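If you read the protein sequences in the order shown, they are chains S and V. Numbered according to our numbering, the first sequence spans residues 37 to 474. Numbered according to our numbering, the second sequence spans residues 4 to 269.
These aren't lab readings, by the way, just hints derived from the structure by calculation.
The list that follows gives simulated cross-link-like pairs (lysine to aspartate or glutamate, EDC-like), each with its CA atoms no further than 16 Å apart:
| # | chain 1 | residue 1 | chain 2 | residue 2 |
| --- | --- | --- | --- | --- |
| 1 | V | LYS261 | S | GLU80 |
| 2 | V | LYS254 | S | ASP76 |
| 3 | S | LYS39 | V | ASP142 |
| 4 | V | LYS254 | S | GLU80 |
| 5 | V | LYS199 | V | GLU226 |
Note that the structure is a prediction, hence the values are computed from the model and not measured.
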Amino acid sequence: MSKSSFLGADTIALHSGYQPESDHGSRAVPIYQTTSYVFDSVDEASALFNVEQGGHIYSRITNPTVAVLEQRLAALEGGAGAICTASGMSALFVTFFSLCSAGDHIVSAAQIYGSTVTLLKHTLKRFNIDCTFVDINDQDALAGAIQDNTKLVFCESIGNPGLAVSNLPAIADTAHQQGIPVVVDATFATPYLNNPIQHGADVVVHSVTKWIGGHGVAVGGVVIDGGNFDWLKSGRFPTLTQPYEPFHGMNFWEEFGPAALAMRIRCESMRDIGAAMTPHNAFLLLQGLETLNLRMQQHVTNAQAMVAWLQQQDAVAWVNHPDINADAHTKTLFPKGAGSMLTFGVKGGRDAGAAFINALQLSSNLANVGDSRTLVLHPGSTTHSRLSETDLVAAGISADLIRVSVGIETVKDIQADFGLGLRAAAKVATAQLAQTGT
Amino acid sequence: MYITVDNQHTFVATGGKPFNPNLPTVVLLHGSGTDHRGWALQARWFAFHGYSVFAPDMPAHSLSAGEALTSIEAMGAWLVRALDAAKVSNVHLIGHSQGFLVALEAAVLLSKRLLSVTAMATASAIPVNPALIETAQKDPALAAQMMLQWGFGNRHQYGASAVPGMQPIGIGQRIMANNPLAIDLAACNAYTAGSKRAQQLASEGCASCVILAAQDRMTPKKEGFKLAQDLGTHAQVIADTGHMLPMEAPKQSLSIMKTFIQTLEK
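With the rest of the complex left out, here is chain S:
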């Protein structure tokens, strides 16, 4: 098992990457709200620019507050290093951008976040990077989709919003047999519920905005370099194993080995694209991270209670959560429960679903997940509205699907709120029945 810290996860979340600084003894991680850093001398400046010395130059590339969050997340996931970015989407972009060039190819799970589909299917296409979407747990389909120019296999550990759990060990086996790394968006799982690197993943991405931040106050992302993939042996990654001219021909694999990808992202993407996390956002996200483990326990407990409650409601047509009739790999990968997202449909279809959402008072109808508060959304008309009918089906999204990010409120209050919604939905369903006369 790969380890990056000998501290327990609860301790890492609170302490890793920062000890009280010597000048003032600040117990909390200070916010280094600065664009730049004074050099001791011209020689030191030169050394920093030439990667002869670690340290900070400009906050687009590194920042001390952001670095604490990076080191903490790398330790929690068991990675070799991490790069925080402005958002989860920018974390995905810099990962794909660092591994792929024009003419390359990605194999992706079909059941993923709508914006990621758009990135893979349309945006990267403009850079001549193609993507094939597959049922990621169909290993024959996955193996068959890998081409000579394939650079990575991408999946979400829990798909958004279909909630299919990716069988990471099987996916990694299939990909690794052909010298391909596996990139996993683990946003829905969080480091508390599952660590993909321990199950074969090579790169982990999070939208830190979600449960890790947990309070809906800051947007951010992270790429965690697992450090286990042999980029040289694969023979497919010139961006990591060939000289990089802008840094005097630096060869990232030779110089940094297990942290080659993280350093490439740092040296190229953060410099040239500049999707940097702000220090203030890093501070806010660190506050969330400190209590992630405690909050996730409550999230999962509440989600399981809501699943059981919804299954008993007459107005509910169906309920989906990965723990319902969980298959073997879900039980293995998520022994503490497979997250706090659930989906369901109400009798009466899309219109009844809309009535449900509009009637809610405690829960919020918005385009986010992982807030401490309960959130609901109709993906078909929002986050996934740009997908075709075919893509919606492939993503596991039906017209009546309501996505719920179960919060940490007192569960009886969430149930009371959903009761309001279900009564409104039932009225619509009853009216529909009256209209059709059936």
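Since the structure of chain S is already known, use the hints to place chain V on it.
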């Protein structure tokens, strides 16, 4: 760069610049189970400040092919053959932990080609608990974890990193778990000539530098002080760091290394 030593493909890091054997050459030698990457920052500084850098991965380590060498004496002799293969004339030898034992053996063979030796977080003898060697034989990843938990100082156990965003423990674990750690540890344990070699160098007037780590639990600094005495020099101790000194305190260790070598060059 890759060179051929004993008919084996051998990787030598050069600090990001083409190797020039005509420049004064700084040889950086890694410790047990590790590789050239432990010297990444120091290597780049020397390479871009008038020196050639020669930081090999020992046989069967990381990017180098071949069979792992089973004794420190064999490693020292191999290093001299590697330097010959690269047509290196005069060298400053710098070794971390086991790497300095290798330097001691090579130093005697290099004779007048040797300009100086620098010892970092090491001792003239490095006895290894047999249980650790046995663990390294059976489960290299576990042995690597044991060494990293013991090897890094307090700050790094709490997630500090000289390079923002990185996790040195995680990086070290990946490297050590895939290298012939058990063979290295056994070689260290069997080596007993260090004190004699160090005294020999001192008697020949070899310039030497000893850099120790205040929190070193693998080669405790009291043993480092004895080595300094054998070499006829004084040790400098870097505070708040453990045995993984080159990675834990690259800036401070480089400062001492370059001051020492620059002074000699002048």
